[in-house]
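Enquirer: Just so we're aligned, residue 1020 is where the sequence shown starts under the working numbering, counting upward by one.
Wrong hints could be hidden among the right ones.
Label-pair ranges, simulated between beta-carbon atoms [as the list claims (entries may be wrong)]:
1. D1332 - L1205: 36 to 46 Å
2. A1124 - L1412: 37 to 47 Å
3. L1273 - L1415: 28 to 38 Å
Straight-line alpha carbon distances no greater than 16 Å define the calculated EDC-like cross-link-like pairs of lysine to aspartate or glutamate that follow [unchecked claim]:
4. K1071 - D1274
5. K1071 - E1081
6. K1071 - E1194
In short, the hints are calculated from the structure, not lab data. Predicted model, so just to flag it, every value in this text is computed and none were measured. All residues carry an ideal CB built from backbone N, CA and C; glycine is no exception.
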Amino acid sequence: MSPLKGSSSEDGWPATPSASRNEFDGWRSITVSLYMCLVGYGVLVGIPVISKAWVELLGFTEQQVGRVAGADLGGLSAGAVLAALLVRRVNRRLLVFLGLGLAAAANAWCIGSRDYDTVLWLRLAAGVGGGAYTAVAVATLGAGSRPARAYTLMMLAFAFSQAGEMQVLPRLPIEGIYLVFIVGYLATVPFLRWIPPHPARREDKGREPEAASGGNRAGRTVAARILPWFCLLAIVFSYINIGAYWTYIELAALDAGVAESWIVPVLTWVSVGSVLGCLLAMMIPERFGLSRPLLISLGAMIVVVGILGGEIDRRNLLVSLLFFNLLWVFIDVYQMSTAAVIDRTGAFAALLPAGQGLGQIVGPNVAASMLGAGSGYGRVFLMCATAAALALLFYLIMYVFLRRSVPELGGTSGFVGDGRAGSRPEL
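Could you put together the complete structure from these sequences and hints?
Expert: Okay, here's the thing in C-alpha coordinates:
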(Lines of atoms letter the chains of each structure in order from A and count residues from 1; the text may use other names and numbers.)
(Lines give C-alpha, C1' and ligand atoms only; values in the text may rest on other atoms or scores of the structure.)
Protein backbone atom coordinates (compact mmCIF):
# COMPACT_ATOMS: atom_id res chain seq x y z
CA MET A 1 0.00 0.00 0.00
CA SER A 2 1.24 3.49 -0.73
CA PRO A 3 2.32 5.27 2.42
CA LEU A 4 0.28 8.29 1.42
CA LYS A 5 -2.96 6.60 0.48
CA GLY A 6 -5.90 5.84 2.69
CA SER A 7 -7.16 7.72 5.68
CA SER A 8 -5.00 10.16 7.58
CA SER A 9 -4.84 11.28 11.16
CA GLU A 10 -5.91 14.75 12.10
CA ASP A 11 -2.36 16.08 11.81
CA GLY A 12 -2.23 14.93 8.19
CA TRP A 13 0.30 12.16 8.66
CA PRO A 14 -1.13 8.90 7.28
CA ALA A 15 -3.12 6.98 9.83
CA THR A 16 -3.85 3.29 9.97
CA PRO A 17 -6.14 2.49 7.02
CA SER A 18 -9.71 2.58 8.32
CA ALA A 19 -8.24 2.21 11.85
CA SER A 20 -10.33 -0.96 12.17
CA ARG A 21 -9.49 -3.49 14.82
CA ASN A 22 -8.05 -6.82 13.71
CA GLU A 23 -6.55 -9.99 15.14
CA PHE A 24 -3.30 -8.16 15.91
CA ASP A 25 -5.10 -5.99 18.48
CA GLY A 26 -5.79 -8.91 20.83
CA TRP A 27 -4.02 -8.90 24.20
CA ARG A 28 -2.35 -12.25 23.46
CA SER A 29 -0.78 -10.98 20.23
CA ILE A 30 0.40 -7.75 21.86
CA THR A 31 1.72 -9.50 24.98
CA VAL A 32 3.78 -12.13 23.17
CA SER A 33 5.10 -9.53 20.71
CA LEU A 34 6.18 -7.23 23.54
CA TYR A 35 7.95 -10.11 25.24
CA MET A 36 9.69 -11.11 22.00
CA CYS A 37 10.88 -7.55 21.41
CA LEU A 38 12.41 -7.43 24.88
CA VAL A 39 14.21 -10.74 24.33
CA GLY A 40 15.26 -9.93 20.77
CA TYR A 41 16.71 -6.55 21.69
CA GLY A 42 18.27 -7.96 24.86
CA VAL A 43 21.74 -8.17 23.32
CA LEU A 44 21.55 -4.49 22.34
CA VAL A 45 20.78 -3.54 25.95
CA GLY A 46 23.44 -5.80 27.39
CA ILE A 47 26.25 -4.85 25.01
CA PRO A 48 28.14 -2.65 27.55
CA VAL A 49 28.20 -5.51 30.07
CA ILE A 50 28.92 -8.19 27.47
CA SER A 51 31.71 -6.09 25.96
CA LYS A 52 33.42 -5.81 29.33
CA ALA A 53 33.00 -9.56 29.90
CA TRP A 54 34.60 -10.31 26.53
CA VAL A 55 37.59 -8.19 27.54
CA GLU A 56 37.98 -9.37 31.14
CA LEU A 57 36.90 -13.01 30.91
CA LEU A 58 37.87 -13.97 27.35
CA GLY A 59 40.84 -11.64 26.89
CA PHE A 60 39.53 -9.92 23.74
CA THR A 61 41.10 -6.61 22.71
CA GLU A 62 39.05 -3.44 22.30
CA GLN A 63 39.16 -3.87 18.52
CA GLN A 64 37.99 -7.49 18.77
CA VAL A 65 35.11 -6.43 21.02
CA GLY A 66 33.97 -4.01 18.32
CA ARG A 67 34.14 -6.73 15.66
CA VAL A 68 32.21 -9.28 17.73
CA ALA A 69 29.56 -6.74 18.74
CA GLY A 70 29.27 -5.70 15.09
CA ALA A 71 28.83 -9.34 14.03
CA ASP A 72 26.13 -9.91 16.64
CA LEU A 73 24.18 -6.80 15.75
CA GLY A 74 24.91 -7.20 12.04
CA GLY A 75 23.40 -10.66 12.20
CA LEU A 76 20.32 -9.00 13.66
CA SER A 77 20.14 -6.90 10.50
CA ALA A 78 20.57 -9.88 8.16
CA GLY A 79 17.94 -11.92 9.99
CA ALA A 80 15.48 -9.04 9.84
CA VAL A 81 15.98 -8.63 6.09
CA LEU A 82 15.32 -12.33 5.62
CA ALA A 83 12.16 -12.10 7.74
CA ALA A 84 10.98 -9.01 5.82
CA LEU A 85 11.24 -10.96 2.56
CA LEU A 86 9.20 -13.85 3.97
CA VAL A 87 6.76 -12.31 6.45
CA ARG A 88 3.98 -11.82 3.86
CA ARG A 89 4.25 -15.36 2.49
CA VAL A 90 5.42 -17.66 5.28
CA ASN A 91 3.61 -18.54 8.49
CA ARG A 92 4.96 -16.14 11.13
CA ARG A 93 4.93 -18.81 13.80
CA LEU A 94 7.33 -20.89 11.72
CA LEU A 95 9.64 -17.90 11.21
CA VAL A 96 9.71 -17.27 14.96
CA PHE A 97 10.38 -20.94 15.75
CA LEU A 98 13.28 -21.17 13.28
CA GLY A 99 14.74 -17.86 14.48
CA LEU A 100 14.64 -18.68 18.17
CA GLY A 101 16.03 -22.15 17.49
CA LEU A 102 19.07 -20.76 15.69
CA ALA A 103 19.63 -18.05 18.31
CA ALA A 104 19.34 -20.49 21.23
CA ALA A 105 21.67 -23.04 19.59
CA ALA A 106 24.34 -20.43 18.79
CA ASN A 107 24.21 -19.04 22.33
CA ALA A 108 24.51 -22.56 23.75
CA TRP A 109 27.59 -23.21 21.59
CA CYS A 110 29.11 -19.93 22.80
CA ILE A 111 29.10 -21.23 26.40
CA GLY A 112 32.08 -23.48 25.73
CA SER A 113 33.85 -21.23 23.20
CA ARG A 114 36.66 -18.82 24.05
CA ASP A 115 38.45 -18.53 20.71
CA TYR A 116 37.91 -15.15 19.02
CA ASP A 117 37.18 -16.50 15.52
CA THR A 118 34.72 -19.09 16.83
CA VAL A 119 32.89 -16.58 19.01
CA LEU A 120 32.76 -14.11 16.10
CA TRP A 121 30.91 -16.54 13.82
CA LEU A 122 28.67 -17.86 16.58
CA ARG A 123 27.60 -14.33 17.52
CA LEU A 124 26.81 -13.69 13.85
CA ALA A 125 24.60 -16.81 13.77
CA ALA A 126 22.91 -15.83 17.03
CA GLY A 127 22.25 -12.40 15.56
CA VAL A 128 20.64 -13.83 12.40
CA GLY A 129 18.26 -15.99 14.44
CA GLY A 130 17.51 -13.16 16.84
CA GLY A 131 16.95 -10.75 13.96
CA ALA A 132 14.30 -12.93 12.30
CA TYR A 133 12.63 -13.50 15.69
CA THR A 134 12.64 -9.78 16.52
CA ALA A 135 11.50 -8.66 13.06
CA VAL A 136 8.33 -10.75 13.30
CA ALA A 137 7.62 -9.27 16.75
CA VAL A 138 8.07 -5.69 15.50
CA ALA A 139 5.93 -6.34 12.41
CA THR A 140 3.21 -7.95 14.55
CA LEU A 141 3.05 -4.94 16.88
CA GLY A 142 2.85 -2.62 13.88
CA ALA A 143 0.03 -4.58 12.25
CA GLY A 144 -2.55 -3.55 14.85
CA SER A 145 -4.93 -0.64 14.43
CA ARG A 146 -2.87 1.64 16.72
CA PRO A 147 0.81 0.94 15.98
CA ALA A 148 2.07 4.12 17.67
CA ARG A 149 0.52 3.10 20.96
CA ALA A 150 1.86 -0.43 20.60
CA TYR A 151 5.39 0.85 20.03
CA THR A 152 5.10 3.25 22.96
CA LEU A 153 4.15 0.29 25.16
CA MET A 154 7.13 -1.60 23.76
CA MET A 155 9.56 1.19 24.58
CA LEU A 156 8.06 1.60 28.06
CA ALA A 157 8.50 -2.11 28.76
CA PHE A 158 11.95 -1.86 27.23
CA ALA A 159 12.93 0.87 29.70
CA PHE A 160 12.11 -1.32 32.70
CA SER A 161 13.74 -4.40 31.16
CA GLN A 162 16.85 -2.32 30.51
CA ALA A 163 17.09 -1.45 34.20
CA GLY A 164 16.59 -5.09 35.21
CA GLU A 165 19.06 -6.41 32.67
CA MET A 166 21.76 -3.93 33.66
CA GLN A 167 21.21 -4.94 37.29
CA VAL A 168 21.41 -8.71 36.70
CA LEU A 169 23.90 -9.26 33.86
CA PRO A 170 26.96 -7.67 35.56
CA ARG A 171 26.59 -10.22 38.37
CA LEU A 172 26.82 -13.19 35.99
CA PRO A 173 29.77 -14.92 34.31
CA ILE A 174 29.80 -14.86 30.50
CA GLU A 175 28.26 -18.37 30.48
CA GLY A 176 25.41 -17.12 32.66
CA ILE A 177 24.74 -14.22 30.28
CA TYR A 178 24.44 -16.62 27.34
CA LEU A 179 22.13 -18.85 29.41
CA VAL A 180 19.80 -15.91 30.11
CA PHE A 181 19.43 -15.37 26.36
CA ILE A 182 18.80 -19.08 25.73
CA VAL A 183 16.04 -19.28 28.34
CA GLY A 184 14.50 -16.07 27.02
CA TYR A 185 14.20 -17.44 23.50
CA LEU A 186 12.97 -20.90 24.46
CA ALA A 187 10.29 -19.49 26.79
CA THR A 188 8.50 -18.22 23.67
CA VAL A 189 7.71 -21.71 22.36
CA PRO A 190 4.58 -22.40 24.48
CA PHE A 191 3.05 -19.14 23.25
CA LEU A 192 3.66 -19.42 19.51
CA ARG A 193 -0.06 -19.88 18.89
CA TRP A 194 -0.64 -16.35 20.19
CA ILE A 195 1.11 -14.95 17.12
CA PRO A 196 -1.29 -14.32 14.18
CA PRO A 197 0.19 -16.43 11.38
CA HIS A 198 -0.51 -14.10 8.44
CA PRO A 199 -0.90 -10.35 7.69
CA ALA A 200 -4.12 -8.65 8.74
CA ARG A 201 -6.87 -8.52 6.13
CA ARG A 202 -7.59 -5.10 4.72
CA GLU A 203 -11.26 -4.52 4.05
CA ASP A 204 -10.77 -0.86 3.12
CA LYS A 205 -7.80 -0.18 0.89
CA GLY A 206 -8.51 3.54 0.96
CA ARG A 207 -8.66 6.05 -1.84
CA GLU A 208 -6.51 8.89 -2.96
CA PRO A 209 -8.02 12.09 -1.55
CA GLU A 210 -9.99 14.10 -4.10
CA ALA A 211 -7.77 17.13 -3.62
CA ALA A 212 -4.68 15.20 -4.57
CA SER A 213 -4.50 15.94 -8.26
CA GLY A 214 -2.05 17.28 -10.83
CA GLY A 215 1.31 18.24 -9.39
CA ASN A 216 0.14 17.38 -5.90
CA ARG A 217 -0.66 13.83 -7.01
CA ALA A 218 2.83 13.60 -8.51
CA GLY A 219 4.27 14.81 -5.22
CA ARG A 220 2.41 12.07 -3.42
CA THR A 221 3.74 9.47 -5.85
CA VAL A 222 7.34 10.57 -5.35
CA ALA A 223 6.83 10.71 -1.59
CA ALA A 224 5.37 7.19 -1.61
CA ARG A 225 8.52 5.91 -3.27
CA ILE A 226 11.25 7.78 -1.41
CA LEU A 227 9.94 8.47 2.10
CA PRO A 228 10.22 4.85 3.33
CA TRP A 229 13.88 4.72 2.29
CA PHE A 230 14.67 8.13 3.73
CA CYS A 231 13.14 6.91 6.98
CA LEU A 232 15.22 3.71 6.86
CA LEU A 233 18.44 5.65 6.15
CA ALA A 234 17.71 7.92 9.08
CA ILE A 235 17.24 4.85 11.27
CA VAL A 236 20.58 3.45 10.09
CA PHE A 237 22.45 6.63 11.01
CA SER A 238 20.57 6.89 14.32
CA TYR A 239 21.79 3.42 15.20
CA ILE A 240 25.35 4.02 14.07
CA ASN A 241 25.34 6.54 16.89
CA ILE A 242 23.53 4.23 19.32
CA GLY A 243 25.63 1.16 18.48
CA ALA A 244 29.02 2.82 18.90
CA TYR A 245 27.97 4.85 21.95
CA TRP A 246 26.39 1.94 23.82
CA THR A 247 29.17 -0.53 22.96
CA TYR A 248 31.98 1.64 24.31
CA ILE A 249 30.41 3.90 26.94
CA GLU A 250 31.44 1.76 29.93
CA LEU A 251 34.91 1.04 28.55
CA ALA A 252 35.36 4.77 27.85
CA ALA A 253 34.38 5.63 31.43
CA LEU A 254 36.83 3.11 32.86
CA ASP A 255 39.56 4.33 30.52
CA ALA A 256 38.98 7.88 31.80
CA GLY A 257 39.54 6.71 35.38
CA VAL A 258 35.88 6.63 36.47
CA ALA A 259 35.38 3.97 39.15
CA GLU A 260 33.50 0.86 38.12
CA SER A 261 31.50 1.10 41.37
CA TRP A 262 30.12 4.41 40.08
CA ILE A 263 29.49 3.71 36.38
CA VAL A 264 27.67 0.36 36.76
CA PRO A 265 24.83 1.69 38.98
CA VAL A 266 24.57 4.77 36.77
CA LEU A 267 24.08 2.59 33.68
CA THR A 268 21.20 0.94 35.51
CA TRP A 269 19.43 3.97 36.91
CA VAL A 270 19.69 6.29 33.91
CA SER A 271 17.10 4.02 32.36
CA VAL A 272 14.61 6.34 34.07
CA GLY A 273 15.36 8.58 31.10
CA SER A 274 13.88 5.89 28.85
CA VAL A 275 10.66 5.95 30.88
CA LEU A 276 10.47 9.73 30.56
CA GLY A 277 11.10 9.39 26.82
CA CYS A 278 8.10 7.08 26.52
CA LEU A 279 5.88 9.50 28.39
CA LEU A 280 7.04 12.39 26.23
CA ALA A 281 6.38 10.30 23.12
CA MET A 282 2.75 10.06 24.21
CA MET A 283 2.27 13.67 25.34
CA ILE A 284 4.42 16.06 23.31
CA PRO A 285 3.28 15.08 19.77
CA GLU A 286 -0.35 15.57 20.79
CA ARG A 287 0.35 19.26 21.31
CA PHE A 288 3.17 20.06 18.89
CA GLY A 289 2.84 17.52 16.09
CA LEU A 290 5.51 14.99 15.19
CA SER A 291 8.23 16.53 13.07
CA ARG A 292 9.34 19.47 15.19
CA PRO A 293 9.81 17.42 18.39
CA LEU A 294 11.67 14.81 16.32
CA LEU A 295 14.01 17.36 14.75
CA ILE A 296 14.64 19.08 18.09
CA SER A 297 15.34 15.77 19.85
CA LEU A 298 17.83 14.74 17.17
CA GLY A 299 19.55 18.10 17.55
CA ALA A 300 19.71 17.57 21.30
CA MET A 301 21.10 14.05 20.73
CA ILE A 302 24.00 15.55 18.79
CA VAL A 303 24.84 17.74 21.80
CA VAL A 304 24.53 15.11 24.56
CA VAL A 305 26.69 12.61 22.65
CA GLY A 306 29.14 15.24 21.46
CA ILE A 307 29.95 16.52 24.97
CA LEU A 308 31.92 13.31 25.53
CA GLY A 309 34.15 14.38 22.66
CA GLY A 310 35.76 16.68 25.21
CA GLU A 311 36.44 15.67 28.78
CA ILE A 312 34.99 12.35 29.97
CA ASP A 313 34.24 12.78 33.68
CA ARG A 314 31.42 11.89 36.04
CA ARG A 315 29.41 15.05 35.36
CA ASN A 316 29.55 14.74 31.57
CA LEU A 317 28.86 11.02 31.73
CA LEU A 318 25.79 11.48 33.94
CA VAL A 319 24.32 14.22 31.73
CA SER A 320 25.10 12.35 28.52
CA LEU A 321 23.74 8.98 29.69
CA LEU A 322 20.54 10.39 31.17
CA PHE A 323 19.60 12.45 28.11
CA PHE A 324 20.80 9.78 25.69
CA ASN A 325 18.34 7.29 27.23
CA LEU A 326 15.53 9.84 27.11
CA LEU A 327 16.10 10.94 23.52
CA TRP A 328 16.70 7.69 21.69
CA VAL A 329 13.44 6.23 23.00
CA PHE A 330 11.44 9.27 21.93
CA ILE A 331 13.02 9.22 18.46
CA ASP A 332 12.45 5.49 18.07
CA VAL A 333 8.72 5.62 18.84
CA TYR A 334 8.26 8.10 15.99
CA GLN A 335 10.44 6.18 13.51
CA MET A 336 8.85 2.81 14.20
CA SER A 337 5.30 4.16 14.07
CA THR A 338 5.97 5.79 10.71
CA ALA A 339 7.34 2.54 9.28
CA ALA A 340 4.28 0.61 10.49
CA VAL A 341 1.90 3.07 8.82
CA ILE A 342 3.80 2.96 5.52
CA ASP A 343 3.11 -0.74 4.92
CA ARG A 344 0.29 -2.54 6.72
CA THR A 345 1.51 -5.99 5.59
CA GLY A 346 4.39 -5.69 8.05
CA ALA A 347 7.15 -6.14 5.47
CA PHE A 348 8.60 -2.65 5.88
CA ALA A 349 8.12 -2.70 9.67
CA ALA A 350 10.04 -5.99 9.68
CA LEU A 351 12.97 -4.10 8.13
CA LEU A 352 13.29 -1.93 11.24
CA PRO A 353 15.62 -4.35 13.05
CA ALA A 354 17.58 -4.57 9.78
CA GLY A 355 18.13 -0.81 9.74
CA GLN A 356 18.94 -0.87 13.43
CA GLY A 357 21.27 -3.84 13.03
CA LEU A 358 23.02 -2.32 10.00
CA GLY A 359 23.69 0.84 11.98
CA GLN A 360 25.10 -1.26 14.76
CA ILE A 361 27.40 -3.16 12.40
CA VAL A 362 28.86 0.09 11.16
CA GLY A 363 28.94 1.95 14.48
CA PRO A 364 31.01 -0.46 16.62
CA ASN A 365 33.26 -1.37 13.69
CA VAL A 366 34.05 2.25 12.82
CA ALA A 367 34.67 2.91 16.52
CA ALA A 368 36.92 -0.15 16.74
CA SER A 369 38.93 1.01 13.73
CA MET A 370 39.28 4.48 15.22
CA LEU A 371 40.51 3.04 18.52
CA GLY A 372 42.88 0.74 16.68
CA ALA A 373 44.33 3.75 14.91
CA GLY A 374 44.86 5.49 18.25
CA SER A 375 42.09 8.07 17.96
CA GLY A 376 40.80 7.71 21.52
CA TYR A 377 37.27 7.62 22.90
CA GLY A 378 36.67 11.36 22.53
CA ARG A 379 36.81 11.13 18.75
CA VAL A 380 34.61 8.04 18.81
CA PHE A 381 31.86 10.08 20.48
CA LEU A 382 32.33 12.89 17.98
CA MET A 383 31.76 10.28 15.25
CA CYS A 384 28.54 9.30 17.07
CA ALA A 385 27.42 12.92 17.05
CA THR A 386 28.13 13.13 13.30
CA ALA A 387 25.96 10.05 12.64
CA ALA A 388 23.09 11.63 14.60
CA ALA A 389 23.54 14.80 12.54
CA LEU A 390 23.17 12.79 9.31
CA ALA A 391 19.93 11.25 10.63
CA LEU A 392 18.71 14.78 11.34
CA LEU A 393 19.63 15.78 7.77
CA PHE A 394 17.45 13.05 6.25
CA TYR A 395 14.46 14.12 8.33
CA LEU A 396 15.04 17.75 7.39
CA ILE A 397 14.94 16.72 3.72
CA MET A 398 11.64 14.90 4.34
CA TYR A 399 10.32 17.98 6.14
CA VAL A 400 11.21 20.34 3.27
CA PHE A 401 9.95 17.96 0.58
CA LEU A 402 6.55 17.54 2.22
CA ARG A 403 6.09 21.27 2.74
CA ARG A 404 6.83 22.00 -0.91
CA SER A 405 5.37 19.00 -2.75
CA VAL A 406 2.51 17.73 -0.58
CA PRO A 407 1.16 20.82 1.21
CA GLU A 408 -1.70 19.05 2.99
CA LEU A 409 0.84 16.70 4.56
CA GLY A 410 3.70 19.12 4.96
CA GLY A 411 1.90 22.33 5.90
CA THR A 412 1.23 23.74 9.30
CA SER A 413 -1.27 21.02 10.18
CA GLY A 414 0.44 18.09 8.52
CA PHE A 415 3.70 16.23 9.09
CA VAL A 416 5.05 19.47 10.51
CA GLY A 417 2.32 19.89 13.13
CA ASP A 418 1.40 23.35 14.38
CA GLY A 419 0.60 22.70 18.01
CA ARG A 420 -2.93 24.03 17.77
CA ALA A 421 -5.87 22.40 19.43
CA GLY A 422 -7.34 19.76 17.19
CA SER A 423 -4.00 19.08 15.47
CA ARG A 424 -3.50 15.68 17.04
CA PRO A 425 -1.28 12.94 15.65
CA GLU A 426 -2.15 9.28 15.98
CA LEU A 427 -0.35 9.08 19.29
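Enquirer: If a hint holds in the structure, say so; if it does not, say that too.
Expert: Okay, the hints, checked on the actual structure:
| no. | hint | verdict |
| --- | --- | --- |
| 1 | D1332 - L1205: 36 to 46 Å | holds (43 Å) |
| 2 | A1124 - L1412: 37 to 47 Å | holds (41 Å) |
| 3 | L1273 - L1415: 28 to 38 Å | holds (37 Å) |
| 4 | K1071 - D1274 | holds (12 Å) |
| 5 | K1071 - E1081 | holds (9 Å) |
| 6 | K1071 - E1194 | holds (14 Å) |
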